[in-house]
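Chain A is already provided as a structure; the job is to place chain B on it using the hints.
Here the protein sequences line up with chains A and B, keeping their order. Take 136 as the starting number for the first sequence in this note's numbering and just add one per residue. Take 147 as the starting number for the second sequence in this note's numbering and just add one per residue.
Think of the hints as simulated: they come from the structure by calculation, not from any bench. The structure displayed is predicted, hence computed values, not measured ones. All C-beta atoms in this analysis are idealised placements derived from N, C-alpha and C, irrespective of residue type, glycine included. Each statement offered as a hint is correct.
Between beta-carbon pairs, the in silico distance windows are:
1. Glu-557/B with Val-236/A: 26 to 32 angstroms
2. Pro-389/B with His-454/A: 36 to 42 angstroms
3. Leu-455/A with Asp-426/B: 34 to 40 angstroms
4. Gly-477/B with Asn-291/A: 43 to 49 angstroms
5. Asn-291/A with Pro-389/B: 37 to 43 angstroms
6. Gly-307/A with Ala-560/B: 24 to 30 angstroms
7. Gly-477/B with Val-178/A: 38 to 44 angstroms
8. Val-178/A with Gly-208/B: 36 to 42 angstroms
9. Leu-255/A with Asp-448/B: 49 to 55 angstroms
10. His-476/B with Asn-291/A: 37 to 43 angstroms
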Amino acid sequence: MLYREAGDFKTSYRDDSQTFPIKFDRIAYYVLIAVALIVVPFVINDYWANAVLLPFLIYAIAALGLNVLTGYAGQVSLGTGGFMAVGAYASYKLMTSFPDVNIFFHIILSGGITALVGMLFGLPSLRIKGFYLAVATLAAQFFLVWLFNRVPWFYNYSASGQISVPERAVFGIKVTGPQTEAWATYLFCLVFVFLSAWIVRNLTRGSTGRKWMAIRDMDIAAEIIGVNPLTAKLSAFAVSSFFVGVAGALFFSVYLGAVEVGEAFGIQKSFLVLFMIIIGGLGSIFGSFAGAAFMVLMPVLLKNTLVGGLGWATDLAAHLEFMIVGGLILFFLIVEPHGLAALWKVMKEKLRLWPFPH
Amino acid sequence: MKMKLATVALGAAVAASPALADLTFTALSYRTGPYAANGIPFADGYADYFTLLNERDGGIGGEMIELIECETGYNTEKGVECYESTKGSGALVYQPLSTGITYQLIPKATADEIPVHSMGYGRTSAKNGEVFNYIFNYPANYWDGASVAIKYLLNENGGSLEGKKIALVYHNSAYGKEPIRTLEELSAKHGYELITLPVDHPGQEQKSQWLQIRRDKPDYTLMWGWGVMNQVAIQEAVNIRYPMENFIGIWWSGSENDVLPAGEGANGYKALTFHNVGSDYPVFDDIQQYVVDAGKAAGAGDQIGTALYNRGLYAAMLAAEAAKTAQEMHGTSTLTPQQMRDGMENLEITEAKMTDLGLPGFGPEFSVSCQNHGGDGYAAVAQWDAAAGEWSLITDYMQADLDVLSPLIEEDSAAFAAEAGIEPGCAM
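Isolated chain A, as found in the complex:
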């Protein structure tokens, strides 16, 4: 009834190819942005920021990044944890070496450094594909973690090998370190999430994204019609690693504040982000957010219901949490192999016809 194209006339190509062609979607999107920007900062508390929203936002950036590589360009990567570590350590080195530069630029620069590293490890993708490429990126994962553990320069020769974030501020408001306000860290991450999603959306619907998708769908055919696999694959690695690096930098500096590479950026992180995009939907912006939300919010929700709400033993709840999340993943993948994004799409199709489906 409300959700339909009828009556929403487009008079230019520009209007026709906009991200949200349906008016209802557009309004919902603006409302969401307004709520996220204006309402949430006033009601947020430490628990909501540190336990729910920050991990969700940061993982959403990482999932967006990996989605560019795996979902859009079709290159499987198991090196996400390692690339996040590059972002984290780059931001640490930058923040401690150039304390006067605004942290905002440090985060962007960390993304840039990660993009370079990602391109380096993306070189094998020109020769190998599929599972073999996954193994090559796996090597990146282990190599990078080993490197940050092995070379003391990266952690400024601290006795324990931990890196701890110094206090930094944007416009005089602290965004890293222990004295931060919940709303400040939230807004700082939200800005990055918004920019990331906006850039990825516009890249993927432009010629760059079309090249990536051509390579994903059939690389030989793409090459024949004039897509240069070298630039397409390497640009996918660069863009993907950039966002993963930004996510890693935020993960370390804003969210955790102190990390140890093996524990925070191990192989399980690579799998976690990969699961996010598989559950959320490969090649979908919404999917990256839905997947991150599912993997971050579900365990917290279950824990709060089982332990807090029902008063069960913590170990029982933790075990049940594994089973329920695992079961839900299987369930979603069976009923909708293309992820939550496809589920959302089907729902929208149905909504267009509602309430008269015939």
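Just chain B now, with coordinates in the frame of chain A:
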């Protein structure tokens, strides 16, 4: 989807916030995950002691104790979630039970003015209470452990380690790297050669490290391991027929779980400890009567008297004593985290006190002060008897070499103070 989830999560979180109790303690435990075998006994011991106080004495100073347990799975992100979800409940003190989570909480808890007690782990230089106002690591820390191990070896060798080779097998993480600096300093002082052998998490694969030990034949091997790494290391040592009495683990490498899998072969293995072992203390009769027989034992109730259960019990005892001290100091039975901090800072553990509590000779005597949040650095060596299936102390409590450690602690805490912009001084 995500809005809906968020709404439900909000509802759950609001419903989950517990009623404000009089004395709230938290246990960031891990009964699941790769280190569960070690996390469970500690969590049980910690919980059982508080249950005992509630059942037998009606809490501490007339106030009942509420213990909130939160499962971390030894995972830093879950640890942050646990901290955030419990800090609003008036939690008096945190026991993070993981070096990674401790490093997380040091700045956060200091900003929130809630004390953290990292007993025998965490950041060693937190001993300097003038820099780390809210962090405590009494009665002993890793550098004390390293120093006591070397002291023990010195005693064994008639006071000289000149020309000896000592290997350190360590968990390749913040935790395992802690003793290296101390061991290097001590090697300069005593003239032994140090070989460091990192083992990556989780430590199931140690063949190459032990081949290296077989080749280099170190006179002694120290180990900083945790979880499955300990069991594997001890098994590997048995496999290469390394003399067990020359193999010494830190206190986290000295539980029954670590030695039992190697069976007879583990006989003679040594580990450091800062509290006594076994269940031959009056307090265990009370635990049997008030906790176990009443069906209130935490977990499966099958860990009582194991090394890590005793450590959990000891941690709970120290927390309860600090709460008592705080109650006396402030003349109030209900406490705030800040008052609890004062209690911890003025904590004094004497033999008479421990005997009163039914734990005679259970740990070293020590006292805490503003300058010294780490106690006096006493630890002892325990040895495993495989036939009897029990640990026994083979030395008295020995003090660490504070001449070497104090400058190191001074230096590291000064570096932290400069980095974090802290003006050293007492909080009171």
